[in-house]
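Whole structure, please, built from the sequences with the hints as guidance.
4 protein chains.
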Amino acid sequence: MLAVVKATPAAGAEVREVAVPGFGATDVLVRVKVASVCGTDLHIYKWDQWAQGRIHPPLIPGHEFCGHVAAVGREVTTVKEGDFVSAEMHVACGKCFQCRTGEQHICQNVRIIGVDADGAFAEYVVIPESNIWKLDSSIPEEYASILDPLGNAVHTVLAGEIAGRTIAVTGCGPIGLFSIAVARACGATKVFAIEVNQHRRKIAEQMKADFVLDPAQQDVFSIVMDHTGGAGVDVVAEMAGKTEAIRLGFRILRRGGRMSMLGIPSRPVELNLADDIIFKGAVVQGINGRLMYKTWYQMTSLVAAGKLDLHPVITDRMPMKSFSQGMKRLQSGEASKILLYPNGTKASRP
Amino acid sequence: MLAVVKATPAAGAEVREVAVPGFGATDVLVRVKVASVCGTDLHIYKWDQWAQGRIHPPLIPGHEFCGHVAAVGREVTTVKEGDFVSAEMHVACGKCFQCRTGEQHICQNVRIIGVDADGAFAEYVVIPESNIWKLDSSIPEEYASILDPLGNAVHTVLAGEIAGRTIAVTGCGPIGLFSIAVARACGATKVFAIEVNQHRRKIAEQMKADFVLDPAQQDVFSIVMDHTGGAGVDVVAEMAGKTEAIRLGFRILRRGGRMSMLGIPSRPVELNLADDIIFKGAVVQGINGRLMYKTWYQMTSLVAAGKLDLHPVITDRMPMKSFSQGMKRLQSGEASKILLYPNGTKASRP
Amino acid sequence: MLAVVKATPAAGAEVREVAVPGFGATDVLVRVKVASVCGTDLHIYKWDQWAQGRIHPPLIPGHEFCGHVAAVGREVTTVKEGDFVSAEMHVACGKCFQCRTGEQHICQNVRIIGVDADGAFAEYVVIPESNIWKLDSSIPEEYASILDPLGNAVHTVLAGEIAGRTIAVTGCGPIGLFSIAVARACGATKVFAIEVNQHRRKIAEQMKADFVLDPAQQDVFSIVMDHTGGAGVDVVAEMAGKTEAIRLGFRILRRGGRMSMLGIPSRPVELNLADDIIFKGAVVQGINGRLMYKTWYQMTSLVAAGKLDLHPVITDRMPMKSFSQGMKRLQSGEASKILLYPNGTKASRP
Amino acid sequence: MLAVVKATPAAGAEVREVAVPGFGATDVLVRVKVASVCGTDLHIYKWDQWAQGRIHPPLIPGHEFCGHVAAVGREVTTVKEGDFVSAEMHVACGKCFQCRTGEQHICQNVRIIGVDADGAFAEYVVIPESNIWKLDSSIPEEYASILDPLGNAVHTVLAGEIAGRTIAVTGCGPIGLFSIAVARACGATKVFAIEVNQHRRKIAEQMKADFVLDPAQQDVFSIVMDHTGGAGVDVVAEMAGKTEAIRLGFRILRRGGRMSMLGIPSRPVELNLADDIIFKGAVVQGINGRLMYKTWYQMTSLVAAGKLDLHPVITDRMPMKSFSQGMKRLQSGEASKILLYPNGTKASRP
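Residue numbers (this note's numbering), protein chains in the order written: chain A, 8 to 357; chain B, 8 to 357; chain C, 8 to 357; chain D, 8 to 357.
Simulated from the structure, these hints should not be mistaken for lab results. The reader is advised that the hints may include incorrect statements.
Put simply, identical chains are the same to the list, so a pair is met inside one copy or across any two.
Claimed, not checked - Computed cross-link-like contacts, EDC-like style, restricted to lysine to aspartate or glutamate with a CA-CA straight-line distance of at most 20 Å:
| id | residue 1 | residue 2 |
| --- | --- | --- |
| 1 | K102 | D143 |
| 2 | K328 | E136 |
| 3 | K335 | E21 |
| 4 | K102 | D233 |
| 5 | K53 | D123 |
| 6 | K141 | D233 |
Since we're looking at a predicted model, the values are computed, not measured.
In structure tokens form, the structure reads like this:
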């Protein structure tokens, strides 16, 4: 089969023929229909510091996808050949404290398919049955391929109250953009999108954020205060992972507000804990992955009910063999979510 | 001024001239623009058993309204003459355990304006400053007059998770109908409206419930199970206060689901606690009034953001002097929410 | 091996030799050290209506026990021969909505060992690895055998706030008695134990309930109100499953209080929903089993820390072959928790 | 009357005669029985940077006290002359978003008696009726004078689950020491007290912390991991406000754990947000003051029930005129909580 292969501990990746993977008694072999590209894949491609510490080549990356079941192990009971599926790619150990108390998303021994094991940038991928998510035919294929990052957004936005609340999304990469849609669908009454990149701001407008702000050009603090009665926003969804965005997020958060942090800073961040958290009585939540599987139920229900229009985020569609071109598009800052078609069929936009 | 007066302990009420009420240092005198009629007002009008035990004539009823501030007591600081306002009509004591722990809505010594003291079916009404809710000009007058029952719906629907959840509303009087709109606006993915009265079912359809069901004609249990994967709904908003509706609500609730009860049964109800609550691990919430004032913030934010279309519920608009005609309309089962205009100006529909 | 066998669909049970059970790749064979008797076992013994509808003889009952691992299936990794263990006897399917969202304790397809499959009143019992709970040597054997009902108490008492709160326990069977200890250990400031049986009241006193009340002789409502500033208790743990106890529980619950129901009524109960739940703003929780496995962590931590003195509840210790005598003791109302020793070694009291 | 007066914007304070303060219609005049000294008072005394920015001399400091009502304003109804009282010294505005949604403790316009207005280091102090907390005779006078910092501890420890949980208290000033007692009383199963000062560690031992650790001498990380199965503690109560303590707190916090921060850092702190909060799925709470008045109910219930032994924390008792000597004792690091007797009667230790 054709696959994207990170063959050596160096920048780049190649698209080449490899063997179709074998699978065990409790595994599911999926023929990938659409896979999509995450910032993590770019880290692996560029072979940055994080990648050097985590990735062990050779590796097939890719952890966002949908497809159809091609074959199942002999103990598999919940899906069968032909079923339309996606998957949670964080494989939890099932035995640690977190796994035994409903917090598998922060398992002490998690293994991520596409990072720690061969992933979905290939014609076929192997997934443990426990992690397969069977999809209704009402879920469009394009959306089915982006459930992993959509789940990050759903997990973040719904980690506390959002109905009748104001929210600021700091950082409008794909997850930030999805968060705008999720917040609106779930009753947020004012959504402030904050982003320095103009391509991303343009998409944020298409996602119908109420305010799309450029912190490099505008006095975001004053604007937010003006539109929140001087109190600040109820919720900040931190999606940038940048020091300046995080600090701004804390400044515009109201007393008693919720700061849900998903963006990963690449270095330590200096914070004014006294003013930003303690006196303010703020609640700060670290958000990791998706709740297994509460987030998946919420997310697919919202999609199936037609509550989310995610199309503006999908900017590029290309055959998987054009992977390197996709990487260039991503680095340009002009692309948002890129869909790959490993099996050569490029879906037309619905 | 003109007012509806329940003059004697007997059925009926009269519209007549009374003195404009005096007010104290911490009170606000409001010139009523629109008042709306609640089922409680019909109980008072008909002088049923509940009314006989609670009401001490003479009384001006009416606890749903909006208007403009006509005058303020000398210690009032948060509103001034001319401000557009509504009010929370449950006046809490401020000194009991519940009031001192953020649960004023279940104050041990609550006094309700329009029930225990003269209310809003009059040209003027007196409200303590603490209970005045100042309104933005973005709130339409008609909606401003129905914030009390809308608040019941918001309190009920948002008393737990609703985003990405299914909900059944049992009983489609005005509060049930509002609950449909609130649930949809806050991310509910399937809304089942259950109601025996065909006029109400018709409005439920206009409110865009996903399923509008007649329990007298349809097998509601099977239909709900079919559309919830056999599990039942996540949430039931019980708005009927009838034994059969309550029992049906429990039957269609999923294991671990939430039953939020607002409808008031007039007599004891026999329940199968073992199957309906205990084995099921259900959570049952008694819902009373509106959270003071969290619900008011949520509700006015949702209205101001244009998230709620409530017009189908408002079926009748009439001058206050036609009060008795309104009572007849309500008793016919054909009217839902009736608006009264004490000061003679009947608003045209926006 | 020796086992208690419910051989036929009729009253009674016999203690006889049966084959040691076989076990699968993911199972654990445990040599039972101590097993304890639950009211459910008495239902099975008496062959009452519930038992007739649920139990399919022949069956070895018993779902409370501890012991040592005798052998493990070839895929078992978390325990080994000789380990000291107990087990959660509710075997969840792992695939339903509840199981996939952290609510395995209310699994749609639960199977209970000792009810739906052969249990622990035997020299050996087979348990799936997923349900084994490995014990520290700091847990006394007697306590290790009663973790199932202790877990019911922990689940009930900790299903909401308890620190700095008052609680009434209605019904002082073993779980009610354990609840007294758990509430005290977790910061409850006044514990009211309510029970008609004098033997149980005596144990409630030994458990150091602050007030031990007999509803047949005392005006429980007045006493509770006198000691809660007229407000009522913050929490009711309903352990009786009797109509009168449930109604009394609701009456003494304060506005906004929590009613956590574990006792199973054998018939429908008529409730005054208006006064007892709705106006009161009460929260009613159905409590089923133990949270898997949050409750187990909490419970074994509390026991290991020496926070719970449960000895007064253990009234009888006998060889398993005296099972029928145990049933008589239970029916007399004089025994509370009875320990059985299938392997002939009767532990002396620590 | 005699009072401690911060007369000028410079280091020091004097004890001198001043006029007994007047009071308004809704105020209560209290004759102070015992007042206690907080670190804030030392900041004011030393006239450090914080004090220079916040305090406007002349000021009578002191915000921890108890006493008896000497006189009441004409609108006061809930207390009368002779009543034994303490008070919440954060006076909330009652009109901002936070005040109207049950979060008065983070009021946007809070005014603190003893900081922004004359306080309790005097024979008499004036308190608004809304902030008076009437005490039962079961509360010892010494404890009654330290309810403010005890309330900080109760607010912190009970801001999430504590029963059956492990907790680390970083920083053992009086509030940290109180937190040990509160955690133990509310079911914490292992309490790690972490403190560099040996006097404080000695008191932490008297408070019966399970582990008392000196981070300057011991490998706290390893010790905590050894005693938590390698997972880390469930809860950290951060009471030090020092960079090293905060960082250590995050390191020893388990995945999904709760970090409740009350200690106020005097400068920005650099944090590894990726590892310490985001990947870990931690929840960080800023804790400010006491919940008004939920914390007060919890706290006085715990004290009245005899659940807390706080005596080891009270190290010094002296007449108020020895205030400067108290400041020296505090600066020495040898004293913990110092009680002052403005009216000359030094209580003997119960």
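Here is how each hint holds up against the structure:
1. K102 with D143: between (30 Å within a copy, 17 Å between copies)
2. K328 with E136: neither (28 Å within a copy, 45 Å between copies)
3. K335 with E21: Within. Shortest intra-copy distance 14 Å satisfies the 20 Å Cα cut-off; inter-copy 72 Å does not.
4. K102 with D233: between (50 Å within a copy, 19 Å between copies)
5. K53 with D123: within (17 Å within a copy, 56 Å between copies)
6. K141 with D233: The answer is between: 18 Å across copies meets 20 Å, while 45 Å in one copy does not.
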